[in-house]
Amino acid sequence: MTSTAVAPEKSPVDARRAKRRVRRSPWWRNWQLYSLLVLPVAFFVIFRYLPMAGNIIAFRQYVPGGNIFGNAWIGFSNFELFLTDPNFWQVFRNTVMLGGLALIIGFPVPIVLALLLNELRSRGFKRFVQTTTYLPHFLSVVIVGGMILQLTSLTGSINHLLGSLGVQPIAFIQDPGWFPAIYVGSEIWQTMGWGTILYLAALTQIDENLYEASRIDGANRWQQTWHVTLPGIAPTIVTLLILNIGTFMSVGFEKILLIYNPATYATADVISTYLYRVGIQSGSFSYAAAIGIFEAVIGLVLVTAANFVSKRLVGASLW
Amino acid sequence: MVIDAQTASSIAAPGPVTTKVRRKRTAMSRTRGEKIFAVVNVVVLLLAVAITLYPFLNVLAQSLSSEKYIDFGDVTIWPLGFNFDTYKIVASDPTFWINYRNTVVYTVVSTAVSMVLSTMFAYAISRKDLRGRGFFIGMALVTMLYSGGLIPTYVLVNGLGLTNTIWAIALPNAISVFNVLVMKSFFENMPRELEEAAAIDGLSTYGTLLRIVLPLSKAVLATMVLFYAVANWNSWFPAFLYMDHSNLYPVTVYLRNLIAGATGAQDAGASADSNLTQISANIKAVTMVLTVLPILFVYPFIQRYFVSGVMLGSVKG
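Chains as they are written, first to last, in my numbering: chain A, 1 to 319; chain B, 1 to 317.
If we strip away everything but chain A, and leave its shape as in the complex, we get (with noise of 0.2 Å):
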């Protein structure tokens, strides 16, 4: 079908008809369609798939300013470097830590907040109520940031409501015990409006015959949430599930880069914020290359195996 290659025939006779069956091809009389793809492409092959191959550099030397694929081959030693690393081992831990608590704990918020939306009679106060929590979800990590050290130092406002309890003033932010609390705090504040949308969605969907059958059985409030509502939504609630499980390891490293410092490195640090470190500020492009490699492997692991749980039980798969 694909006529693009044209014969090699010297007969002005072929060279016409070759001609004139490029130009009947689809490739040809789209040329249109496809000149619209030349920059998408170029942009994903430059930016997205170039660095790919740029990870290269953890197998190769590389000179800050060199080659962007590196001078001479190393071989796997940046990653028997990382493997035996302390430090890799802290943050590895630390971001399996931050990333499950973060879903373990943030997890079934947004579900109660939308079931307790869902009970509401006035439409004016549920929509109030949505409108006010999505909020912190349009804010710049740097205000979320900015707002979490206001509100955790010393003359903050959490230690002013410790005071008034006769607890004196605690240093949050240079506390490595109190950050795993202050991470999970903070995203909750951020997501739990806007994880409701999905829900809510789900929610107007179940069968309004279902919850009459139900009150002519008997069951009161508690039991038909119970038995109609949690069953209605539990597809929705499994697929949001698994998909978050594949992507717990990525952290929120934007937020932790502003709101972590060296006091709290023993809890804070994360893979991503270690190989910010170790890679651009100290120049060790490789290692640091070695690191990405091994996270993003990882990441792709988790989310594959999700998604291919998530199709086997729901149905529902991201591709």
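Be careful, since some hints might not be right.
Some but not every residue of chain B turned toward chain A, in silico, with C-beta under 8 Å [as the list claims (entries may be wrong)]: (1) N41; (2) I51; (3) D71; (4) L130; (5) F136; (6) M139; (7) G148; (8) N234; (9) T252; (10) T291.
Derived from the structure by calculation, the hints contain no laboratory data. Computed from a predicted model, the values in this text were never measured in an experiment. Cβ atoms here follow ideal geometry from the backbone N, Cα and C, with glycine treated the same way.
Using the hints provided, position chain B relative to the given structure of chain A.
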């Protein structure tokens, strides 16, 4: 009794009218427990609203308070020692205004680049007659799953000589695959006959796109402009990575540097008051308010577009 009435009414006339009647009846016949729950529910939701809003009100109050009250940690949601001095200090810093203007320029240019590229790509892959369509869609989807990562991207942007130019911000994240998928599904739902009729009338692909498809897609285009613009307005990390001079920073990086305790308006504040950290707390608050203000202004209008975008994306993506 109640159950009988409900069954009777639903048998008599099924449909939306009965639903209304039934709702009213249950409202009247709420049990004591349900009434208590309704009150508790409202209280819990008001608490959620309060928790969401408190940091905003706290920052606003601090921005209008005088330093000594913040120093004692007394400012909650009411300004104490009300004054506009901190606003004046921030407004008198020329760097702040240069950075604010940068944010506007970066947002406009990045959003324009993103819209052009995304529209071209989404329209092309929405056409079923595009040969190799699966390949191009796959090419985009792969990048959602696996990315080259921070280091190679940084090396590349430096290697291309984009550092300290607007292109270091506008190009590396120009296309959001999520947004492209939303646009693609919109274009796919457009009646194909329109484009065929346009082709018969002699319009080229460009003509069809510009004169038929895009004018009919204003809703989705507006939504996408908002998606990109809000993301660009809020963005700070690319500029933080690739810009070396404070004159090139967007206001988010200006704010980040205040938070991290670096230069800028702090110096301006130091001349007004010797208490460095205190002035900086005020100034942080004012800078936060001024940075977030445009978002808050448009928020009531744009919120529903974002919600519909999430729904569209969840159906397809």
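These are the hints, each one checked on the structure:
no., hint, result
1, N41, "holds (5 Å)"
2, I51, "holds (7 Å)"
3, D71, "holds (6 Å)"
4, L130, "holds (6 Å)"
5, F136, "holds (6 Å)"
6, M139, "holds (6 Å)"
7, G148, "holds (3 Å)"
8, N234, "holds (3 Å)"
9, T252, "holds (5 Å)"
10, T291, "holds (6 Å)"
Consistency note: the structure conflicts with none of the earlier hints.
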